[in-house]
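Assemble chains B, C and D onto chain A, guided by the hints.
Protein chains in written order, with my numbering: chain A, 1 to 339; chain B, 1 to 339; chain C, 1 to 339; chain D, 1 to 339.
Wrong hints could be hidden among the right ones.
You can't tell identical chains apart in this list, so a pair holds if it fits in one copy or across any two.
[To be verified] Cut-off 20 Å, straight-line C-alpha distance, at most; resulting in silico cross-link-like pairs (SDA-like, lysine to any residue):
| id | residue 1 | residue 2 |
| --- | --- | --- |
| 1 | Lys215 | Gly322 |
| 2 | Lys139 | Arg107 |
| 3 | Lys215 | Ser337 |
| 4 | Lys139 | Pro99 |
| 5 | Lys215 | Ala279 |
| 6 | Lys223 | Gly322 |
| 7 | Lys32 | Asp21 |
| 8 | Lys215 | Arg63 |
| 9 | Lys139 | Val17 |
| 10 | Lys257 | Ile157 |
| 11 | Lys298 | Gln158 |
| 12 | Lys215 | Arg331 |
| 13 | Lys223 | Arg63 |
| 14 | Lys298 | Phe93 |
Think of the hints as simulated: they come from the structure by calculation, not from any bench.
All figures in this text were calculated on a predicted structure; none of them were measured in a lab.
There are 4 protein chains.
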Amino acid sequence: MEDKTGSECEGPEMSLVCLTDFQAHARERLSKSTRDFIEGGADDSITRDDNIAAFKRIRLRPRYLRDVSEVDTRTTIQGEEISAPICIAPTGFHCLVWPDGEMSTARAPEGLRWFQLYVHPDLQLNKQLIQRVESLGFKALVITLDAPVCGNRRHDIQNHLRRNLTLTDLQSPKKGNAIPYFQMTPISTSFCWNDLSWFQSITRLPIILKGILTKEDAELAVKHNVQGIIVSNHGGRQLDEVLASIDALTEVVAAVKGKIEVYLDGGVRTGNDVLKALALGAKCIFLGRPILWGLACKGEHGVKEVLNILTNEFHTSMALTGCRSVAEINRNLVQFSRL
Amino acid sequence: MEDKTGSECEGPEMSLVCLTDFQAHARERLSKSTRDFIEGGADDSITRDDNIAAFKRIRLRPRYLRDVSEVDTRTTIQGEEISAPICIAPTGFHCLVWPDGEMSTARAPEGLRWFQLYVHPDLQLNKQLIQRVESLGFKALVITLDAPVCGNRRHDIQNHLRRNLTLTDLQSPKKGNAIPYFQMTPISTSFCWNDLSWFQSITRLPIILKGILTKEDAELAVKHNVQGIIVSNHGGRQLDEVLASIDALTEVVAAVKGKIEVYLDGGVRTGNDVLKALALGAKCIFLGRPILWGLACKGEHGVKEVLNILTNEFHTSMALTGCRSVAEINRNLVQFSRL
Amino acid sequence: MEDKTGSECEGPEMSLVCLTDFQAHARERLSKSTRDFIEGGADDSITRDDNIAAFKRIRLRPRYLRDVSEVDTRTTIQGEEISAPICIAPTGFHCLVWPDGEMSTARAPEGLRWFQLYVHPDLQLNKQLIQRVESLGFKALVITLDAPVCGNRRHDIQNHLRRNLTLTDLQSPKKGNAIPYFQMTPISTSFCWNDLSWFQSITRLPIILKGILTKEDAELAVKHNVQGIIVSNHGGRQLDEVLASIDALTEVVAAVKGKIEVYLDGGVRTGNDVLKALALGAKCIFLGRPILWGLACKGEHGVKEVLNILTNEFHTSMALTGCRSVAEINRNLVQFSRL
Amino acid sequence: MEDKTGSECEGPEMSLVCLTDFQAHARERLSKSTRDFIEGGADDSITRDDNIAAFKRIRLRPRYLRDVSEVDTRTTIQGEEISAPICIAPTGFHCLVWPDGEMSTARAPEGLRWFQLYVHPDLQLNKQLIQRVESLGFKALVITLDAPVCGNRRHDIQNHLRRNLTLTDLQSPKKGNAIPYFQMTPISTSFCWNDLSWFQSITRLPIILKGILTKEDAELAVKHNVQGIIVSNHGGRQLDEVLASIDALTEVVAAVKGKIEVYLDGGVRTGNDVLKALALGAKCIFLGRPILWGLACKGEHGVKEVLNILTNEFHTSMALTGCRSVAEINRNLVQFSRL
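Just chain A, with the same shape it has in the complex (with noise of 0.2 Å):
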């Protein structure tokens, strides 16, 4: 036996061997203000900071002697397979980290999409997009929130960030018309629970909440028949010092009583982050910055990259837990730690 390592070489390109990993590479090839757009929080980062910390309070109770030979990642959400229970969140800009952007992120994952909605205050423009994207053969509609306004995210303001991001103009989207986000992309501030009838008789895709983090709203989304939760906080990103995305699963989990699927973003950085959460009851977890730092670190190969890394890992996880197939990874799996 030896030890050749020393003089091993580890070539030129650098072994990003997990999604932090590309975080710090991230982070060396963007600008302070992309960088702070991306990693930033709102107020104090609190939330964002939990969202990882929290995770890591929680411990696995890991079950051995299993055949674990064969290990099956496979799931379903809203009927569909998808490949594991990983998938990508909505965040926007990806042009400031790669040239092309959204179209190199697109390209990275499989199949399956869903359509995520910031309501806009012009109901009929809501409309024309869902006609759209029904017809382009997305799967479900994901309707966001937690911003009915913007958080207070300050290096945002101290960078002057928002009136030099431009977006093309929705309502009259010829090409060069471009103006200030923030002024461009009005998001309603009226938008309540009645309305929710009036997109659900516009479409018949499933209708999935992202920003629930309360028994009570989960308790209300059941009631208005929508078909999903994606409990998060926007990536810490909207209201500072919300619960952790993890610490709010439990409870609504419980409040939904399985009658609806939930899902996470939020924290997760691992394989067995992917396994907390659906040990808590989610039916999948959604890569938000992540997903930004395999972009901006190699593109399209960087994104499939941090989703195969995680995929193994999630692998790996289960087959440590003794989990063989998702449906046997159940709340026994954990515990959360005195810490």
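Leaving out everything else, chains B, C and D in the frame of chain A:
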């Protein structure tokens, strides 16, 4: 979409976008002894720091899908309307940080004023003062309880601050008759519950007791027919290692059973903090050090900025938790975190 | 009002305004091995540090509007009055930090003295010692229990301290007959509960057991008719990872049910600490390392300053919590914090 | 009395007085990849670190006034006497840190040996191995459960360690026939509870299951008639974020109800740790990394020193808690701290 931020120039004025930005900037502008005097706490400054940390341990439980197109931050204290539940706490020696000191601070806020009294051993002097402030239109008398003797502020002793701070002598207030602060402003060490009735007999102003931290004293306050309590630990400057203000609030609010108004000072730095204090039962909060930071940075204009930033943050906090009016802020909005 | 502090000159003598100032100053004056010997704890020094931290986790619940124009710090121990509940703990080798060592320390405090005994395997030698101290007017016999073998103090081993420390041989106390410390001072390893009656038979002094940390041993102490207990972990120098003194105090106080007096040493650094110990049932506290810091900084005068500072702080702590006498200090004054 | 330490010369050899001294010294002597391989944990190394921290959160409750002139550290495991409840855990690749590797380690401890098996997919190969170790006088068969697949050790991947570590091929163990480690040592991924009876049929050795962390698996172990359990998380090298060994111990001990012996590895660094593990129900502890540190520092002699230091510390821990024999160590000696 473009990221023009790289080429953006911030201009000559630094951007102060939150209250702690004002703190950092003020620290740079002040002499060590003034900085120590303002920032310092008693003994090990444990309570000073815990005032901040305790707020951060509380999590918000936001509600969504409510019409927040109109958010109204107005409330009342002692029957008088204020535009937001954000007031200025009594602090001393504003001239240390800005030439005309309290004059600039006074110009920054709007009309409603309360008078804070350290009870002087000479009762007649108290009476003269109270009659003067009544005639000047002050709306309430705040009696500070937590300073029968001065807290043990190590930095001030090391900086020999006490012998250097001077005040106009209240007993012979002739111009130029300045005498050392701690020799000049005796505070009654014998003032006790039985003495309250004398104050109640000489003024029609509502009496607010500042510094109460326990249910026992809160119950006595109700029993002695005062009109309000400010839960406060003097910014951690008097007795160290007492409860953080926000941690004491719950106990005091429970004890008064809604019979009198309860306010809070200590540790409020963000709109979320204001929201949390109100959710736990405070009618409004008072700002101490942040007002001095604003004053130190930009005089009257800085005080206004500090108040505006906090009010705007509070407005955002209300919108993002689904609160359309102050009356909708309630205990269900908060959860004490495990950490 | 002016801030003249900037032009103030501190003079040649540094200002030591609290006990930890003395610690910092002493550290600078002592050799590494002496510093390690004094400051060091056993093993990982977890208990040494927790002695301090445990005090800081306790919150005070101050009461106001009481007449504190007269605050009386006097109390009694074993029926003898002391001016404040602040005494000096037994520590060794004061000559390491000041030329005439224990002589200077002894001159600093006032009259009342107790004798601390490490039980020697030779019972007659114990008897001779006890008879001598009785005749010298000592008022109590303190028997230290927690050192049947020496704790594992890594620094002292690394510094080869044990072979360098010498003491006059008690068995042949001729001048110059100095032999290595740990070879010279055998402590009985077999001394046990049944041996206590022999000590009770040879002295009329009250017997105080030092080092008890559990309710089980506290109950045995009461059963064996000793007169007092010093809750102590030997400053964290014997067995590491035992409870902090202040954390063990509650259990011991509950167990003795007021039948004998309970004292505490370990971690007292401020007047608040003294107040907390008394609130939790201690009759007085003993100071260990702070006395050596005072001695190292300024000899007899430094010891006096340390005692004066702590007594003054305790006086302030009493006034600011509304305690006019030691008898008014009770359990309601404290609350264990969530952290 | 004099302090001669200042003039004392430490001599050419540095003083290693505790296990973490060996760790620090070993770190300096090893290449980065070897250091990473030994010190590293899986994923974020949370469990590796928590193994240590969890011990530190437990407080000891020492008993005094017991005759500890004779302290006996002997105990038995599987009916065989050992001089202290301190054994060596299986770890791999000792040649990475010392020329003749396992040979030196083996010479350091005394006689009693158990054989650790990673179950090979080829059952007959397992049988041959077991028969060989039986004939060599090994006293028990330890089957490691927690490695059906390899944990995700980022450093080893980044260091390309896996392709550089080689082992003699067990299936054709000719000299020189070295093949890469992870290609060479397949571990059965399908081995499960039902396969245990086959192992029980081919050996008379007691079977010990290593890696159990839950009450569910502990109960199954009892049900399947194994003779012992080693509570272990593989030093935090397999599945990260599982419970610290000492935290899992209580649950496992409660589940087996005394029917079989329970041991522990993971995080033991001091005599107090050994005492805590025994107080919580472990029959003995196993040392992993510390043995490699000893070996790396001084070969066989270093291993002996590590074992001696820990045994001496354990002896002191027993004396200072009033335990005269291992049988006197019980649950009342420990208390989980609030932190």
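Taking the hints in turn, this is what the structure says about them:
no., hint, result
1, Lys215 / Gly322, "between (31 Å within a copy, 15 Å between copies)"
2, Lys139 / Arg107, "within (17 Å within a copy, 59 Å between copies)"
3, Lys215 / Ser337, "between (23 Å within a copy, 16 Å between copies)"
4, Lys139 / Pro99, "neither (28 Å within a copy, 62 Å between copies)"
5, Lys215 / Ala279, "both (18 Å within a copy, 18 Å between copies)"
6, Lys223 / Gly322, "between (37 Å within a copy, 19 Å between copies)"
7, Lys32 / Asp21, "both (18 Å within a copy, 19 Å between copies)"
8, Lys215 / Arg63, "between (31 Å within a copy, 10 Å between copies)"
9, Lys139 / Val17, "neither (32 Å within a copy, 41 Å between copies)"
10, Lys257 / Ile157, "neither (41 Å within a copy, 42 Å between copies)"
11, Lys298 / Gln158, "between (29 Å within a copy, 18 Å between copies)"
12, Lys215 / Arg331, "both (18 Å within a copy, 15 Å between copies)"
13, Lys223 / Arg63, "between (37 Å within a copy, 15 Å between copies)"
14, Lys298 / Phe93, "within (16 Å within a copy, 36 Å between copies)"
In summary, the structure is inconsistent with hints 4, 9, 10 from the numbered list given earlier, while agreeing with the others.
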